[in-house]
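The hints should help you fit chain B onto chain A, whose structure is shown.
Chains as they are written, first to last, in my numbering: chain A, 456 to 773; chain B, 456 to 773.
Simulated from the structure, these hints should not be mistaken for lab results. Hints may be right or wrong, so weigh each one.
[Claimed, not checked] Capping the alpha-carbon separation at 20 Å, the derived lysine to aspartate or glutamate pairs in DMTMM-like fashion look like this:
# : chain 1 : residue 1 : chain 2 : residue 2
1 : A       : 484       : B       : 672
2 : A       : 484       : B       : 673
3 : B       : 484       : A       : 672
4 : B       : 484       : B       : 589
5 : B       : 484       : A       : 673
6 : A       : 484       : A       : 589
7 : B       : 736       : B       : 681
For clarity, every value in this text was computed on a predicted model and none was experimentally measured.
Number of protein chains: 2
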Amino acid sequence: MNKPPPTSEFTLINWFRQRERSRTSHSTKQGIGDDCAILGVTPGCDLLVTTDMLMDGRHFRLDQDGPEAVGYKAMGVNLSDIAAMAGVPRAGVVAVALPRLDAIAVAQGVYNGMRSLAEQFQVELVGGDTNAWDGPLVINVTLVGETTSLGPVRRSGARAGDIILVTGALGGSLASGRHLRPEPRIAEALALHAAAPIHAMIDISDGLSSDLGHILEESGVGAVVDAESIPIHPDCQAMSRQDGVPALDHAVNDGEDFELCLVVSAENAARLLASTPSPAKIYSIGAITDAPGLRLKLPDGRIVTVGPGGFDHLRATK
Amino acid sequence: MNKPPPTSEFTLINWFRQRERSRTSHSTKQGIGDDCAILGVTPGCDLLVTTDMLMDGRHFRLDQDGPEAVGYKAMGVNLSDIAAMAGVPRAGVVAVALPRLDAIAVAQGVYNGMRSLAEQFQVELVGGDTNAWDGPLVINVTLVGETTSLGPVRRSGARAGDIILVTGALGGSLASGRHLRPEPRIAEALALHAAAPIHAMIDISDGLSSDLGHILEESGVGAVVDAESIPIHPDCQAMSRQDGVPALDHAVNDGEDFELCLVVSAENAARLLASTPSPAKIYSIGAITDAPGLRLKLPDGRIVTVGPGGFDHLRATK
Numbered sequence: 456m457n458k459p460p461p462t463s464e465f466t467l468i469n470w471f472r473q474r475e476r477s478r479t480s481h482s483t484k485q486g487i488g489d490d491c492a493i494l495g496v497t498p499g500c501d502l503l504v505t506t507d508m509l510m511d512g513r514h515f516r517l518d519q520d521g522p523e524a525v526g527y528k529a530m531g532v533n534l535s536d537i538a539a540m541a542g543v544p545r546a547g548v549v550a551v552a553l554p555r556l557d558a559i560a561v562a563q564g565v566y567n568g569m570r571s572l573a574e575q576f577q578v579e580l581v582g583g584d585t586n587a588w589d590g591p592l593v594i595n596v597t598l599v600g601e602t603t604s605l606g607p608v609r610r611s612g613a614r615a616g617d618i619i620l621v622t623g624a625l626g627g628s629l630a631s632g633r634h635l636r637p638e639p640r641i642a643e644a645l646a647l648h649a650a651a652p653i654h655a656m657i658d659i660s661d662g663l664s665s666d667l668g669h670i671l672e673e674s675g676v677g678a679v680v681d682a683e684s685i686p687i688h689p690d691c692q693a694m695s696r697q698d699g700v701p702a703l704d705h706a707v708n709d710g711e712d713f714e715l716c717l718v719v720s721a722e723n724a725a726r727l728l729a730s731t732p733s734p735a736k737i738y739s740i741g742a743i744t745d746a747p748g749l750r751l752k753l754p755d756g757r758i759v760t761v762g763p764g765g766f767d768h769l770r771a772t773k
Numbered sequence: 456m457n458k459p460p461p462t463s464e465f466t467l468i469n470w471f472r473q474r475e476r477s478r479t480s481h482s483t484k485q486g487i488g489d490d491c492a493i494l495g496v497t498p499g500c501d502l503l504v505t506t507d508m509l510m511d512g513r514h515f516r517l518d519q520d521g522p523e524a525v526g527y528k529a530m531g532v533n534l535s536d537i538a539a540m541a542g543v544p545r546a547g548v549v550a551v552a553l554p555r556l557d558a559i560a561v562a563q564g565v566y567n568g569m570r571s572l573a574e575q576f577q578v579e580l581v582g583g584d585t586n587a588w589d590g591p592l593v594i595n596v597t598l599v600g601e602t603t604s605l606g607p608v609r610r611s612g613a614r615a616g617d618i619i620l621v622t623g624a625l626g627g628s629l630a631s632g633r634h635l636r637p638e639p640r641i642a643e644a645l646a647l648h649a650a651a652p653i654h655a656m657i658d659i660s661d662g663l664s665s666d667l668g669h670i671l672e673e674s675g676v677g678a679v680v681d682a683e684s685i686p687i688h689p690d691c692q693a694m695s696r697q698d699g700v701p702a703l704d705h706a707v708n709d710g711e712d713f714e715l716c717l718v719v720s721a722e723n724a725a726r727l728l729a730s731t732p733s734p735a736k737i738y739s740i741g742a743i744t745d746a747p748g749l750r751l752k753l754p755d756g757r758i759v760t761v762g763p764g765g766f767d768h769l770r771a772t773k
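Bound-form chain A, shown alone (with noise of 0.2 Å):
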């Protein structure tokens, strides 16, 4: 049996605080329980710090996908983020704003979510600001990583001749409610930079067009990516049938995969391509050129560039 539920904000405190202090290791000083967490930082170490806020009818449907879900999608989201980094994720502090009329089961599900999660990769939970309102659950998790001796992989470092990798199968995430259970690549980040230096990464939160967009922004180059080389995932199809959009749009286009989206040079590229790390899986999509924008070479053979909106196979066959 579990000990009966809190039934004020402070016993709420007090009841994650025990939950969390069996678990706070020697580099935590101070977890929650004070004006501030207190972290030692490993010499050398750089840090990472990424937030991200969650709202329900936006991120989620609490009514329909339930607290322990909300709670893990906020935890998972910026994990994506240290993951993208390929960094260590560390610590993390987590604010809410709580329906007023089922705060307490509210908040026992989201922390129950992050939990499954943050003893996954290690994250201790060392601070928080809980509310209560009359407004919709918001939920905003930020995440401290720290980098490795490798350093941490920026959206900026692309070249032409570099080879562009995914590490899953992208698109249609909204229809399988995957989109609430990201995986977040830290494993697979951090073994695939130890085999091979990654010049550039993102994950995919917003879709393979805006984000590979983002690291060819930053880099200065352009990318020829190979539609039939997409991994698509089987959940486009799904969502293929609801909405008559081809699955390629989907898989181009639709956002939270959270799988990573990654560019090494082309020597590498074969190298980990012949012998993956693992945990990862990785797909070749395409390559870096020194011409600006993202084009997208469809089965047929025809070369479309795809603008800010994504690539629209309809605009494309006109």
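Just chain B, lined up with the frame of chain A:
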């Protein structure tokens, strides 16, 4: 003339980014514009992390107070948490849920409100998350700071015989809108901690009785506070005229003063009171005791216990 206002979320991020890029320091290796910010850490320092979420209708009224006041307060309350640890603020990440109809104007106002405090305390805005929705404005600021060579000050170090000090007048902050304009006591905390080891400290956000109560609980001690020594803010009289509650009750119970409550040895208290290091002001209000609980010595000489619900003059006179 200012540049024309941005017209989409991506342009808005660029607007912030341009304003922040010129300000980033040597130790900020990546500000806005990647999946995480990258910060160098001063060797030998520990990290301080704090987060606070402010919601429209709960912590501010956007229609009455305006977005600049919201941005100022969101930054100020987090700076106050860094002050409470005797830390030095370094960098902040900001997430907002903007009301869709007026998103850009609100975002710019919030940003401008944060900037003045961020400049004053040399906080770099290194990242964030910008969302729009149909709900009310929600803003979350997470600050990262560093300890000094003197180390952080926790809530837990108060000892019997120590003296309790506060850095300013208390109570009634809602009457004048003072709760929107916290003056983070960063410089004060650093000056005091350098002049004499601070045993325990907290910022007064929930009210003196609650926040001193946290110090007592974490330190395993009690306190006697002398009602006549408490610096009662003039706002308390204004509140008292409105609600009939005695000014002393407001000074003891009201929140959001964002002054510091600190505990030092009796010897050091005498020294600090005789010669207070600039820019701090301090008021001695009582002493730490072995006997647990918070007791208030009233002007008529009676000593009453202040419970978790705060001090109630009416209850005390029964």
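Quick rundown of the hints versus the structure:
Under the criterion of a C-alpha separation no larger than 20 Å, the hint pairing residue 484/A with residue 672/B is consistent with the structure, at around 19 Å. Simply put, residue 484/A and residue 673/B have alpha-carbon atoms about 15 Å apart, close enough for the 20 Å limit, and the pair holds. With a C-alpha separation of about 19 Å, the suggested pair residue 484/B and residue 672/A falls inside the 20 Å cut-off, and the hint holds. Between the alpha carbons of residue 484/B and residue 589/B the distance comes to roughly 35 Å, so the proposed pair goes past 20 Å and is violated.
At most 20 Å may separate the alpha-carbon atoms for a hinted pair to count; residue 484/B and residue 673/A meet this at roughly 15 Å. Pair hint residue 484/A plus residue 589/A does not hold up; C-alpha atoms about 35 Å apart against a cutoff of 20 Å. For the hint pairing residue 736/B with residue 681/B, the CA-to-CA distance comes to about 18 Å; that is within 20 Å, so the pair holds.
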